[in-house]
Amino acid sequence: MDGKIIVVTSGKGGVGKTTITASIGAALALQGKRVAVVDMDIGLRNLDVVMGLENRIVFNIVDIIQGRCKIKQAAIKDRRIDNLYLIPASQSDDKNAIKPENMVWLCGKLRKEFDITLLDCPAGIEQGFRNSIVAADEAVVVCTPEVSAVRDADRIIGLLYAQSITPKLIVNRIVPRMVENGDMLSHEDVVEVLSIDLLGLIEMDEYVVVSTNTGTPLVLQEDSKAGKALHRIALRLDGHPDLPIENPMIQKTFWKKLSSKFSRKN
Amino acid sequence: MNFNSLLKKLMNKPASKDVAKQRLKFALLTDKLDVKKDMLKDLQKDLIEVISRYFEIDKESITIDIQRSEECSALVFNSPILSATHKRGAPAA
Ligand SMILES: Nc1ncnc2c1ncn2[C@@H]1O[C@H](COP(=O)(O)OP(=O)(O)OP(=O)(O)O)[C@@H](O)[C@H]1O
Ligand SMILES: [Mg+2]
Chain A
1 MDGKIIVVTS GKGGVGKTTI TASIGAALAL QGKRVAVVDM DIGLRNLDVV MGLENRIVFN
61 IVDIIQGRCK IKQAAIKDRR IDNLYLIPAS QSDDKNAIKP ENMVWLCGKL RKEFDITLLD
121 CPAGIEQGFR NSIVAADEAV VVCTPEVSAV RDADRIIGLL YAQSITPKLI VNRIVPRMVE
181 NGDMLSHEDV VEVLSIDLLG LIEMDEYVVV STNTGTPLVL QEDSKAGKAL HRIALRLDGH
241 PDLPIENPMI QKTFWKKLSS KFSRKN
Chain H
1 MNFNSLLKKL MNKPASKDVA KQRLKFALLT DKLDVKKDML KDLQKDLIEV ISRYFEIDKE
61 SITIDIQRSE ECSALVFNSP ILSATHKRGA PAA
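Line by line, the protein sequences are chains A and H. What the first sequence shows, in the numbering used here, is residues 1 to 266, in sequence order. What the second sequence shows, in the numbering used here, is residues 1 to 93, in sequence order.
Same shape as in the complex, but just chain A:
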C-alpha cells in the first residue's frame, strides 16, 4: 500500500512547524512506522539542527530533484530512532529551484519508500508553500493563540480547501495560566473562529528549548508535557483519530484551588 504525505503548515512564521514536524515524525517512527521528514524551507533550512543531524548532510532535496543523487543517498537516518529519516533542504539554492511538478514526482517516490512522509512547510504563501501542498494527501495547520497567527491560519485553511484538502488544527504555545486569567485566546475561541477540526493542543514548554539546544527528540523527554501531547497527536494522525484531546491545565496546589474557588464567587 502507498504511504501518505502530510504537510505541516501555518502561514505565519515561528509558530512551531519545524518543532512539531520533527516530533510527530519521531513519535510515528517510535510507533513502528517508516517515516521521512522533509525540510521544504529551501535556502533557510532548520529541521536538520532541530533533529541534531546537521553534521551528516551530504545531499539535499534539490540534489534529488536535479538528478544528482537517489532518495536513499539524501535521506539521513536518525541517530536514535529507527525508521526515521530526514531529507534536508538545500541551503544555497532559492525557492524556485523546485517546481510543483517536481514535488508531484518526488512525493510519488516517497509514497513507495515510506509509510508516512511529513513536509515541513516554510512560512508564507509563496512558492515554498505551493510546492509543499501540491502533492499532499493531508494537512496539519499550526497556530498559536494570537490574533495574527489565527488570521494567517484562516488564510492557509482557505488555500488548502481550494486544493481539496481538509486540514486539521494544532494550537501550540498555550499558556494555561494566561488562558485561565482571560489573557490568552482559549483553544475553544480559536476553533470557533476557524471552524476546523482540532488535532491537538500543545502548551508552552521549556523542554522544547532544551531539546532544540541539544538536538534530541522532544518525544523522548519523559517529563515534557509538549512531548506527551505530540505523542498523542501522532497516534491521532495514524489510526487512532478518536483518542481524546487533553486540555492543558495549571497544576493546582490545594491552596490555589481554594483561593480560585473563593475569588470566583466575587
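Please note: incorrect hints may appear among the correct ones.
What the hints assert, rightly or not - Straight-line Cα separation of at most 25 Å, SDA-like style, residue types lysine to any residue; simulated pairs:
no., chain 1, residue 1, chain 2, residue 2
1, H, Lys25, A, Leu160
2, H, Lys21, H, Val35
3, H, Lys36, H, Ile51
4, A, Lys168, A, Asp242
5, A, Lys12, A, Val209
6, A, Lys168, H, Asp31
7, H, Lys21, A, Ile250
8, H, Lys25, A, Ser148
9, H, Lys25, A, Lys99
10, A, Lys228, A, Thr214
11, A, Lys168, A, Glu246
12, H, Lys36, A, Ile165
13, A, Lys112, A, Glu101
14, H, Lys21, A, Val58
15, A, Lys77, A, Val58
16, H, Lys32, A, Val134
17, H, Lys25, A, Gly182
18, A, Lys99, A, Thr166
Please keep in mind that the hints were generated in silico from the structure rather than gathered at the bench.
Dock chain H with the ligands against the given chain A, drawing on the hints supplied.
This is chain H with the ligands only, laid out in the frame that chain A set:
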C-alpha cells in the same frame, strides 16, 4: 484567577482575550471581503465584455459593488450607456 485579573473584573475591564477574539472576527470578515473584491474585478471584466456586444458603454466609469443591509445583499452594477443603438454585428433583438 490571580489578583490582577480579579482587580480587572471588579473594574469591569473586558478580558484581553475577548478583545482579541472580537478583533480577530472582524479581521477575518474584512479579509474575506477583500478576496471577494478580486472576484468582483473578474466579474466586471466579463460583464463589460458581454454588454459591449450590445451597447457602447463607457468602460471607465463602470462601477460594481456589493451593497448589504441587514436583510439582504445586492449586487449593484452601474454602467453609463454612450450609444443606445445596437453596435454593428450584434445579434438582432
Ligand atoms: N510548545 C512550545 N514551547 C516552547 N517553545 C516553543 C514551542 N513550540 C515552538 N517553540 C519555539 O518557538 C520557536 C519557533 O519554532 P519553530 O522553529 O518550530 O517554528 P516554525 O513555524 O518552524 O518557524 P519558521 O516559520 O521560521 O520555519 C523555536 O525557538 C521553538 O523552540
Ligand atoms: Mg520552520
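The hints, checked one at a time:
1. H/Lys25 / A/Leu160: Between lysine 25 of chain H and leucine 160 of chain A the Cα gap is close to 20 Å, so the pair holds against 25 Å.
2. H/Lys21 / H/Val35: holds (21 Å)
3. H/Lys36 / H/Ile51: Roughly 22 Å separates the two Cα atoms, so the pair holds.
4. A/Lys168 / A/Asp242: Holds, at roughly 13 Å.
5. A/Lys12 / A/Val209: holds (20 Å)
6. A/Lys168 / H/Asp31: Measuring from Cα to Cα gives roughly 21 Å; hence the hint holds.
7. H/Lys21 / A/Ile250: Holds. Lysine 21 of chain H to isoleucine 250 of chain A sits at ~22 Å (cutoff 25 Å).
8. H/Lys25 / A/Ser148: holds (12 Å)
9. H/Lys25 / A/Lys99: Violated, at about 35 Å.
10. A/Lys228 / A/Thr214: Judged against 25 Å, a Cα distance of about 19 Å means the pair holds.
11. A/Lys168 / A/Glu246: holds (16 Å)
12. H/Lys36 / A/Ile165: Answer holds: lysine 36 of chain H to isoleucine 165 of chain A is near 21 Å, not above 25 Å.
13. A/Lys112 / A/Glu101: At roughly 18 Å apart (the allowed maximum being 25 Å), glutamate 101 of chain A and lysine 112 of chain A satisfy the hint.
14. H/Lys21 / A/Val58: Since the Cα atoms of lysine 21 of chain H and valine 58 of chain A sit roughly 47 Å apart, the hinted pair is violated (cutoff 25 Å).
15. A/Lys77 / A/Val58: holds (12 Å)
16. H/Lys32 / A/Val134: holds (23 Å)
17. H/Lys25 / A/Gly182: OK: lysine 25 of chain H and glycine 182 of chain A at ~17 Å, within 25 Å.
18. A/Lys99 / A/Thr166: holds (23 Å)
Taken one by one, the earlier hints fail for this structure at numbers 9, 14, listed in ascending order.
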